[in-house]
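**Q** Each chain, letter by letter, is given below.
Protein chains: 2
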Amino acid sequence: MQVESTPSVVREIVRTARRDRAVVGVVPTMGALHAGHVSLIERARTECDFVVATIFVNPTQFGPNEDFSKYPRTMEQDLEMCKNADADLVFTPDTSQMYTADAETVVKVTQLTSRLEGAVRPTHFDGVTTVVAKLFNITDPDKAFFGQKDFQQQLVIRRMVADLDWGIEIVTCPIVREADGLAMSSRNRYLSAEERQRSLVLSQSLQLGKKLALETAATPAEIERQMQDLILATDGVVLDYAVVLSADSLLPLQNRPDSAVALVAARLGATRLIDNQILQFR
Amino acid sequence: MQVESTPSVVREIVRTARRDRAVVGVVPTMGALHAGHVSLIERARTECDFVVATIFVNPTQFGPNEDFSKYPRTMEQDLEMCKNADADLVFTPDTSQMYTADAETVVKVTQLTSRLEGAVRPTHFDGVTTVVAKLFNITDPDKAFFGQKDFQQQLVIRRMVADLDWGIEIVTCPIVREADGLAMSSRNRYLSAEERQRSLVLSQSLQLGKKLALETAATPAEIERQMQDLILATDGVVLDYAVVLSADSLLPLQNRPDSAVALVAARLGATRLIDNQILQFR
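First to last, the protein sequences are chains A and B.
The first sequence begins at 1 in the numbering used here and counts up one residue at a time.
The second sequence begins at 1 in the numbering used here and counts up one residue at a time.
One thing to keep in mind: the hints can contain errors.
Treat identical chains as interchangeable: a pair holds within one or across any two.
[Said to hold, decoys possible] Pairs of lysine to any residue, SDA-like flavour, derived with a Cα cap of 20 Å:
hint : residue 1 : residue 2
1    : K143      : E12
2    : K108      : G127
3    : K143      : V38
4    : K143      : E169
5    : K143      : R45
6    : K211      : R177
7    : K108      : R187
Simulated from the structure, these hints should not be mistaken for lab results.
With the hints as extra help, turn the sequences into a complete structure.
**A** Given below as structure tokens:
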């Protein structure tokens, strides 16, 4: 496994791999890897000849009062996990290699980013789409692998790739959960023991939504209400949203659809968690 | 020479060429080709193994009161000129192949676009950078060729390519002029005989600027003033700007620099023309 921090070197390595007709896959990450990230690299390994993981804590996708400076940096373990998952190359740029002082270009998905995470974190998705555009240009992949955990993010990336004709296949991989249901997240390590216990209400609310869709005649609006009630009844959990929306557009649904996505976001102390679940309606 | 209108087909043709290690060059145009465009294709021919010209009148770079609907469409002659200049492939998408109804992604250079053409045409450069990003993703070039005539445009494209790590070399080619000095432009055909005569004051003002820089001690501000006076003294020519700025940043210059760019824009009836000239200071 090669580890490289210089964009032009990474570009050359991938170019050489492509000359041998390798199918190239990229797994963009911010490091602090967990089993969810590993599942992305493993999936890329099964579908691609040359697998690039990227590790870059991207400052532009954090808001001014968010956790950029304290975001976990665990490079040594991250590289070990990439190696065990059989990545070919890990791209580990530092901020000065990704952003020059005079950079002034932004890639913006204008509509899909206005709600949910985009409403709570107004500059977040501009930071995500711009850095992912850069990572796509540096690593020139055929396929890119993202986790369903950041559901809106993978939709936004899909929109960007389609709109800008990138010709990259976006593969969304299932959420990996702890045994008790908590979705894996680099931010889970922020939780106190008490918050960790309380956090279970997020996945429980999604299980409730799944059950209501599959086993009752409840409408999306009724399901939302029951999910919200469950979360609001939990001490120390501040609800940002619990909604049931179109999984393609994140727009509200009329009546009962065939399927939908339930998305939740909540804060536990200083830690903000998100989770989601595809719902099938009976 | 192949002519293709479908993005995915063009992508496959270029991919095949790249497998043979071809250096790929692209010349993006809006058609209505003239000797300036031909010089770009010829330059690409000398520097690249596989030359793609694109012909697409991009609606998103025209303002609501601009000349999109009457912009000259001369496809048959355009293809003949591409063939004579020895292009390998011409990409001729229609609007529905470039923009789906649900497209919502924009590539935005935020600072360099705020003045000059960007001030007069507020949405113009967002349209340019977004469509060029798409054309780059479809044609996957090593080099892209633009005319110096659109001086701010080539700077904006350079900025975008650097900021988004595209790894594409931008080659800016000299302005091609009519025998009497008028810079070649697809819009020159709009000019009446009288306007055609009056239009010469643009290139004359640039020649004046060049001479003042080279042969006198005039400052950029003094040169601007003399250029403006010359244009303002011409009946039927409405001056948008005549300025002498840094050729790298388009920012104002203090004192006398080693070199600079003089840029002019003016309207003759309904037709808007631009021109520019690099100045060397004695």
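**Q** Next, verify each hint and record whether it holds.
**A** Outcome of the hint check:
1. K143 - E12: For K143 and E12, both the intra-copy (18 Å) and inter-copy (16 Å) Cα distances are at most 20 Å.
2. K108 - G127: both (9 Å within a copy, 13 Å between copies)
3. K143 - V38: Cα proximity of K143 and V38: one copy only (16 Å, versus 37 Å across).
4. K143 - E169: within (5 Å within a copy, 25 Å between copies)
5. K143 - R45: within (11 Å within a copy, 32 Å between copies)
6. K211 - R177: within (18 Å within a copy, 72 Å between copies)
7. K108 - R187: Close neither inside one copy (26 Å) nor across copies (31 Å); limit 20 Å.
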